[in-house]
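Participant: The primary structure of each chain is shown beneath.
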Amino acid sequence: MANVKTLTQRLDQLYEFDREPVTTDKLHSPGKFAALFAGEHVAATEFVIGPMFVLHGVAAKDLFLGLLIGNLLAVLSWAFIVAPIAVRTRLTLYWYLRKIGGPGLTYIYNVANALLYCILAGAMISVSATAVGLAFKIPTPALTDVFPNSVGWALITLLVGSVVTVIAILGFEKVSKFSTVCSPWLFAIFIAGALALLPSLGEIRSLSDFWHIAETKIWNGIAATGQEKYSFWHITFFAWFCNMAMHIDLSDMAIFRFAKNWKYGFFLAFGMYPGHFLAWICSGIMVAAVARKMDPGMMAFTAVGFAGAVAVVIAGWTTANPPMYRADLALQVATPNWKRWRVTLIAGLVTTIVACFPVVFMRLLDFVALYGLILMPIGAVVFTEYWILPKLGLKQYRAETQGLFINYAALFTWVATLVIVFILPIHLFFKWLPGYFIAQAIYILLSLKHKS
Amino acid sequence: MFKIISIFISVMALVVIIGSSLMVFLGKLTLDVYKTWTLLASIIWFVVSPFWMIKKKAVSEGGLN
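For the record, the sequence lines run as chains A and B.
If you use my numbering, the first sequence corresponds to residues 1 to 452, in order.
If you use my numbering, the second sequence corresponds to residues 1001 to 1065, in order.
None of these hints come from the bench; they were simulated from the model.
The beta carbon of each residue, even a glycine, is placed where N, CA and C say it ideally should be.
Fair warning: there could be bad hints in the mix.
To spell it out: a stretch of chain B is covered by chain A in this simulated footprint if at least three of its residues, at any positions, have a beta carbon under 8 Å from a beta carbon of chain A; those stretches are [as the list claims (entries may be wrong)]:
1. 1003-1009
2. 1021-1028
3. 1042-1050
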């Protein structure tokens, strides 16, 4: 236990710079928030998610309606769940969770997050590898492949992963700055690719021509072999939970603690509709025009030429960078005497090995669902602690006031909720919603015990 | 003044990318010519836009985009 306590102290030191609540003189204007969000949601994942909807046989009407409603629900989740708590506490999730769950639970949460980040970064490296592989004529794995399909694929992912790791060792911050330059260009590439390939699907002279092509040649309702068919509900829920780690699971408290008003949460619409509506539609059009083959590199090269292939490489790389950074931070705590470059090397190695397995990007939609689901009970605990416990006359922040190392009520809620939702006989995409209320109920019941 | 010129050139680069693809859509430009224009405009974007875009400090705790 002493070792674990030392680890949590080291973790605290890493986050020391944002320990204090944000002061009023450091708050940002609404314009800055709108600009920040506008460029935040166009990334490498969009080259995979849009095509996956096509391959899962969603119908055009279901896709458009599902994305409109799902993204609206996501924006509302930012506005009504994360933003109000962030502007009242002015803390990051890390420090706020520490008050609720204690340093031990915060450490466990961080490690779980780091592992999930490594898988996400690995998937993005795989996406980049599909474009690099074009130059060496290495075939991209099939949609159902779990393991590398060739020595060439393994080598190319190792090569891309190594380059990404070396650049990360030179500095995460430089890549982060570079990624801000990429976002508007990447969005233009998505639009251009779709516009340029649309004529290959049929003649379009009016909106009704487009709709006819959309219904018959793009989102025609026929799932690819071996793929589950998606409905309106799958699309709605996916668009809603796609960024669940940020809204329901509250990691965007880090951003909203700088907001003057909780209503800035609505500005996420500037990010969601270009990124998770238009970009997904555009990449869906592109994949339909390349014979519905799941190969982001080849798809972008066909649609936009060399610039398209470069876009896939850059998008994969810049999207892999932030998760690798988070994994690196968690590893730093566990390896106190190691030099920083060595820690980044290990995080990069793990990520690169994950990237060799095509299943991580071929099953990206399922991974996104799992990623949000695994962290969801903690989001529910934080929400309950902030809003519901005071209304029930229960004490908040027991871990902080009583000096608990781990709030076992929160830990039990996390584990029990995950066990229950994995047993629930419903689709993976829908499990989180009942799970969220189950987690709240468990946490309230356990907190009532302390009242008595 | 330099910043304004950089912003103007950057925006024009994006206009060329989307504009040339629109011309392909309308049947007024071939795919090959559009791809060349897009590549040139992309190079211009990456040369010019850092002058006015690289300022913001990332505050996100990370996650999925």
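Participant: None of the hints should be skipped; say for each whether it holds.
Facilitator: Hint check:
no.	hint	in the structure
1	1003-1009	violated (count 0)
2	1021-1028	holds (count 5)
3	1042-1050	holds (count 5)
Comparing the model with each earlier hint shows a violation of hint 1 alone; every other hint is respected.
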